[in-house]
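Residue numbers (the numbering used here), protein chains in the order written: chain L, 141 to 320; chain Y, 5 to 490.
Calculated directly from the structure, the hints in this document are not laboratory data.
Misleading hints may appear alongside valid ones.
[Claimed, not checked] No farther apart than 25 angstroms at their CA atoms in a straight line, the calculated lysine to any residue pairs in the SDA-like style are these:
#	chain 1	residue 1	chain 2	residue 2
1	L	299	L	218
2	L	163	Y	167
3	Y	364	L	228
4	Y	364	L	240
5	Y	364	L	239
6	Y	364	Y	26
7	Y	445	Y	114
8	Y	364	L	220
9	L	163	Y	180
10	L	299	Y	15
11	L	299	Y	9
12	Y	364	L	222
13	L	299	L	239
14	L	299	Y	22
15	Y	49	Y	93
16	Y	364	L	219
17	L	163	Y	173
18	Y	364	Y	180
19	Y	364	Y	406
20	Y	49	Y	92
21	Y	364	Y	176
22	Y	364	L	231
23	L	163	Y	26
24	L	299	Y	26
25	L	299	Y	11
26	Y	49	Y	15
27	L	299	Y	13
28	Y	445	Y	94
29	Y	364	L	233
[As the list claims (entries may be wrong)] Chain Y is faced by these chain L residues, among others (derived, beta-carbon under 7 angstroms):
#	residue
30	158
31	201
32	205
33	211
34	216
35	217
36	269
37	271
38	304
All C-beta atoms, glycine included, are put in the ideal place defined by N, C-alpha and C.
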Amino acid sequence: MALLPAVILSAAGLLCLYGSWRKQPLFRPWGAWGGWVLLFASGWAWSLAAASVELGIVYALLAPTACAWLLVLHNRQTRSRRASAVAEGRISLPALPVVARHLLLFLGTVPLAGAAAAYGSTALATFLPWQLGNALVLAMLVMPVVWGAGAYWLCADPKPLRPTLGLATLLAFGALVLNL
Amino acid sequence: MKIGLSPSLVRNSLSGHAWLGLLTGFLMYLICVSGSLVVFAPQLKRWEQPAATEFESLSPAAAERAYRELLENSPDVSGDILMMLPREQLPRASLVSRAGVWALNEDGSRGGAVASPWTNLMVGLHDALHLPSNIGLVVVSAVGALLCGLIVSGFLAHPRIFRDAFNFRLGGSRHLEQADIHNRLSVWGAPFHLVIAVTGAWFGMATLMYTLFGNSFFDGDREVAIQAIHGRAPELEQQVAPVDVKRALEQMRTIAPDARPIYFNIEGANSPRQYLLLGAQHDDRLIYVEQYRFDQQGNYLGNVGYTDGEPGQRAIFSTYRLHFGHFGGLPVMVLYGIFGLALAVVSVSGINIWLARRRKRDAINLLWSGLVWGTPLAVAVSAATTVLTGTAAVSGFWMPLLCAAGLARWLGDEERSKAWLQGLTAVALAALALAHMAVHKTAAFAGVPLAVNTVALLSAVLFLWLARRSGSRQSRDCRAGLALHR
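Here chain L stands alone, though its shape is the one from the complex (with noise of 0.2 angstroms):
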């Protein structure tokens, strides 16, 4: 039974949203932060519904993506496909410097940013003041994120001197705060 909350403070949240975002006038002024508020309540009655916290918030955060794709699916518009003229070639290969580019994002994207995450997460985690292993566990848990945030930024800055230096001054930094 305690089940039913849970889901119906769900998918009363999702519809509220859907009601602001799709304009509708009833949801106008309170949709989207009703919304939002009925999904975090929401985590309590999952709490509830599971006898467990943890539990409860994975299940808060998964209910509403399958409420919000059956609106998707339920919102879909089907048109008649359209078929645009499209050049047929061959494969051009791309000139040398396209590709030394390529390269050089590939090793600020993966190893240095890797790298920069790693020793970047794990130094600024032992300055929390926490036990020694939840530091660690939460630099561990972090490091992925630092990496992709730091992927990005190579990839997104029109400038890639300026996440290169970043990144490599995030590992020297780190490095320093670790070996000294």
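Following the hints, complete the assembly by docking chain Y onto the known chain L.
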């Protein structure tokens, strides 16, 4: 709702998102397809050996018997002796040691061999892309980390992502259709994708990170770094004798009556430091298990602390169940399977968008179509081959995949190759189910094996429908192309 982002940030984010997507797209697709199957690894193992004995629980006396029998046959066995106990999704017991691996009967006597070669093939693809594990694990983890970057850049590249969160336009221009599929699946799936990315990256990065922790904080000792997070092993010095397995298991009823023992491991078997480490699942926790330790006399030494210890310990031991959806029973596993396939669609549609934006068509379009639709074909062919031969080789997956790419290149039309490959997948799936029924006879017609075969047959019907649809689309496109040409 519109996020206020500058046009240059959006433009740069979009270009970064595209670059990262192209770098990881195909690998992510393979990891997601295999991961969606690996979620059901317990069921697939049962399907691969449908005649194996199944039972709800193994009594302490039966576990003791299996262990004693191992010691009688291999008195000097060393290392770890692992006994997997029956659990909800896999009600079978097995014994794993350096002396061999056996299935166990309910009375603890040895059954046949344990063999799940195709499930292991899919696990190998998901974990390490069939590369040597020290390289493959890191590559897969890197893809997980870059998925985090894709999530961040995806949100920054689409200022209307929330306003359009419920729009879904199928048909029309290919670019718009693929963009809608990509954006709708990814925006709502983002919490799941982030969890999968972080926990997935952890599996491969853990080894490297423990080495870094060891070098930085524990005088280069990686093992001490692991113990700082996972707890220290008990320091024992005993006159070597057989471990009292029965006594240890019997005590669990009083130590943790609500916990369900799912395995025990005799660590450092036949050494003075040997002890029994018992893993028991707690239904209200995300941790894989709490571990309970016993000395060789079966005296309880205490738990490791995943239920009541440091939060970091709890968090790190929750990654496995969180990554594979092994909590909440079959409904959550099914949800994880669907969400995993959705992430596979996100990976493919991302590259489709890039292809559509090129405004030209060359061999890359054909090879991509072959690789995408060749993957389910390779999965089905490798499974059917394994059912018929009893062994699974890495080439059993990669050869059909390469052939599919070659076929697509030879056919020279994406829709046509898609239709062909979908049709072939339907045939392979139907053949798989029929081969399984022919090989395993009555055992294939009950319980989980029957369910898996039914899913294979239903998938065959789905692929047949997709093939027909792609075929009619191709004819339409041909007519439209001719009309445009005129």
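Taking 25 angstroms as the top limit, are the C-alpha atoms of residue 364/Y and residue 222/L close enough? Distance ~16 angstroms between residue 364/Y and residue 222/L Cα, so the pair holds.
Taking the least C-beta to C-beta distance, is residue 269/L closer than 7 angstroms to chain Y? Since the shortest Cβ distance to chain Y is 14 angstroms, the answer is violated.
Assess, step by step, whether the Cα of residue 163/L is no farther than 25 angstroms from the Cα of residue 180/Y, and give holds or violated. 22 angstroms, holds
Given the hint that residue 364/Y pairs with residue 406/Y, test it: the Cα-Cα distance must not exceed 25 angstroms. Cα-Cα ~24 angstroms, so holds.
Is it true that the CA of residue 299/L sits at most 25 angstroms from the CA of residue 22/Y? Holds, at roughly 17 angstroms.
For the pair we were handed, residue 299/L and residue 15/Y, check the Cα-Cα distance against 25 angstroms. Holds, at about 14 angstroms.
Decide if the proposed pair is consistent with the structure: residue 299/L and residue 26/Y, CA atoms, cutoff 25 angstroms inclusive. 21 angstroms, holds
Has the given pair, residue 364/Y with residue 219/L, been kept, meaning a C-alpha gap of at most 25 angstroms? Judged against 25 angstroms, a Cα distance of about 23 angstroms means the pair holds.
Have a go at the residue 304/L hint: is there a Cβ in chain Y nearer than 7 angstroms to its own Cβ? 14 angstroms, violated
So if I understand the rule, the pair passes when the alpha-carbon distance is 25 angstroms or less; does residue 49/Y with residue 92/Y pass? Holds. Residue 49/Y to residue 92/Y sits at ~13 angstroms (cutoff 25 angstroms).
Residue 216/L as chain Y interface residue, shortest Cβ-Cβ below 7 angstroms: Interface hint status for residue 216/L: holds (4 angstroms vs cutoff 7 angstroms).
Agreement of hint residue 158/L with chain Y interface, Cβ distance less than 7 angstroms: 6 angstroms, holds
In this structure, the hints that do not hold are numbers 1, 23, 26, 36 and 38, in rising order.
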